[in-house]
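Peer 1: Here's the letter readout for the chains.
Number of protein chains: 2
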Amino acid sequence: MTMTAETAATPRPRVVGDREVEILQAAIDVLRDVGYDRLTFDAVAAAARASKATLYRRWPHKRDLIIDCVSLFMDAPAEQEPNTGCLRDDLLAQACAAGGLDDDVVVGAWGALLPVIHRDPLLAEGLRTRFVEPKTAAGRAVLRSAQARGEIGADADLDTLVTILPALLIHEAMLTGQRPRAERIAQLVDSVVLPACAATLTCRPGAGA
Amino acid sequence: MTMTAETAATPRPRVVGDREVEILQAAIDVLRDVGYDRLTFDAVAAAARASKATLYRRWPHKRDLIIDCVSLFMDAPAEQEPNTGCLRDDLLAQACAAGGLDDDVVVGAWGALLPVIHRDPLLAEGLRTRFVEPKTAAGRAVLRSAQARGEIGADADLDTLVTILPALLIHEAMLTGQRPRAERIAQLVDSVVLPACAATLTCRPGAGA
Chain D
1 MTMTAETAAT PRPRVVGDRE VEILQAAIDV LRDVGYDRLT FDAVAAAARA
51 SKATLYRRWP HKRDLIIDCV SLFMDAPAEQ EPNTGCLRDD LLAQACAAGG
101 LDDDVVVGAW GALLPVIHRD PLLAEGLRTR FVEPKTAAGR AVLRSAQARG
151 EIGADADLDT LVTILPALLI HEAMLTGQRP RAERIAQLVD SVVLPACAAT
201 LTCRPGAGA
Chain S
1 MTMTAETAAT PRPRVVGDRE VEILQAAIDV LRDVGYDRLT FDAVAAAARA
51 SKATLYRRWP HKRDLIIDCV SLFMDAPAEQ EPNTGCLRDD LLAQACAAGG
101 LDDDVVVGAW GALLPVIHRD PLLAEGLRTR FVEPKTAAGR AVLRSAQARG
151 EIGADADLDT LVTILPALLI HEAMLTGQRP RAERIAQLVD SVVLPACAAT
201 LTCRPGAGA
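Sequence lines, in order, name chains D and S. 82 is the number that the UniProt record's numbering gives to position 82 of the first sequence; each next residue is one higher, with no gaps. 145 is the number that the UniProt record's numbering gives to position 145 of the second sequence; each next residue is one higher, with no gaps.
Please keep in mind that the hints were generated in silico from the structure rather than gathered at the bench. Please note that the accuracy of each hint is not assured.
Said to hold, decoys possible - Just a few of them, taken from the derived set where beta-carbon distance is under 7 Å, the chain D residues facing chain S:
1) D18
2) M174
3) S191
Claimed, not checked - Chain D is nowhere near these chain S residues, computed Cβ spacing over 12 Å in every case:
4) D37
5) Y56
6) S145
7) E151
No experiment lies behind these values; they were computed from the predicted model shown. Think of the CB as a built atom: it goes at the ideal place given N, C-alpha and C, for glycine as much as any other residue.
All chains should be modelled from the sequences, with the hints used to inform the complete structure.
Peer 2: Written out as structure tokens, the structure reads:
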């Protein structure tokens with residue numbers, strides 16, 4: 001899959017040129033194939049038909065390259081601000097915004113990064129600020145709107161609610177090697193996320209002043 | 001952490017000797033430190049103060065060694081058959097059965113395996129049959145008992161319900177580097193798993209013959 005100038009021009013955290021997108025795409029391919037530990041600038045340069053000097057000028061360390069990969073490719077603009085007026089539709093719009101990448105790229109890249117996050121604090125920090133936090137903030141915004149409409153209780157633990165769907169989707173992707181399709185996402189929303197949200201509206205035993 | 005003969009003697013899927021447990025413990029340490037791709041029999045032999053010949057006699061390929069590691073160390077006997085007569089207590093008993101390993105060992109070892117599962121079908125198959133399926137079967141047994149008691153609807157999708165808690169626990173462990181403690185597990189059971197189970201008891205729009 002190659003990205004065109006048109007798709008690269010949609011709003012993103014950073015504006016990057018076509019050539020940079022090609023290099024990041026090549027880096028994700030290498031990451032997926034050999035893992036983070038064995039990823040070298042030599043391999044990325046060869047895959048992107050770029051010089052190592054070009055890579056090092058832009059990314060001092062491979063962690064910088066990979067953080068750019070993730071924040072560039074894993075985000076889908078459409079998921080940022082769904083506003084349908086209905087929690088279920090907002091959740092589906094957000095979770096089904098696929099970002100245009102193939103399953104094996106996303107699953108492979110995520111799988112390659114999970115094991116090294118705890119071995120590299122700077123990588124962990126970069127992924128947290130550039131990827132996890134923006135995603136969580138977008139999810140929390142959807143829940144806050146639902147809270148304002150009365151679909152979620154005022155004292156609900158949004159931090160827990162916001163992680164349910166990503167946790168289920170990532171878990172299923174890791175076990176099956178494929179990201180869940182729209183129909184499956186809807187099943188998970190209907191059978192897990194919405195019941196958990198609805199439960200925040202009812203009186204809980206032991207709750208209250 | 002070292003395992004004593006006493007802990008190694010509790011019921012497990014396979015009976016292994018003390019020396020084998022020591023080697024598997026050393027292999028997990030190496031796995032966590034360098035990842036699966038860079039794990040070598042040289043490194044495991046050095047860490048376990050064993051000869052490579054000893055290792056190769058028992059495990060023809062490093063995937064065999066790692067599959068034994070996972071099925072030996074990741075299972076906790078206590079989680080197999082909780083039977084308290086109450087879904088909530090069964091879920092907590094199962095999820096809180098820690099197996100005696102330190103957080104960084106479990107989180108590190110799992111994180112090291114996730115990225116390679118899809119690159120090695122034999123490893124995937126071994127982990128599936130020796131680890132994922134027994135765990136899923138134990139979880140499904142708890143749900144079936146609850147279903148028989150009327151705590152879960154007769155037509156509930158147990159395959160989805162059984163994955164909720166593992167997905168949430170693994171997700172949180174990967175993001176924080178620590179396994180959730182008993183109090184947090186109880187929060188997740190109360191705010192997510194039990195509402196999803198309870199929702200299977202109510203009439204759903206469009207459901208029915």
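Peer 1: Determine for every hint whether it applies to the structure shown.
Peer 2: Evaluation of the provided hints:
Taking 7 Å as the C-beta contact cut-off toward chain S, the hint placing D18 (chain D) at the interface is violated, the least distance being around 29 Å. With its C-beta approaching chain S no nearer than about 6 Å, M174 (chain D) sits inside the 7 Å limit, and its interface hint holds. For S191 (chain D), the shortest C-beta to C-beta distance to chain S is roughly 6 Å, which falls under 7 Å, so the interface hint holds. Listed as a non-interface residue, D37 (chain S) fails to keep its Cβ farther than 12 Å from every Cβ of chain D; the least gap is roughly 5 Å.
The beta carbon of Y56 (chain S) sits about 24 Å from the closest Cβ of chain D, which is more than 12 Å, so the claim that it is off the interface holds. The Cβ of S145 (chain S) sits about 20 Å from the closest Cβ of chain D, beyond the 12 Å cut-off, so the non-interface label holds. Against chain D, the non-interface label of E151 (chain S) holds: every CB pair exceeds 12 Å, the least being about 14 Å.
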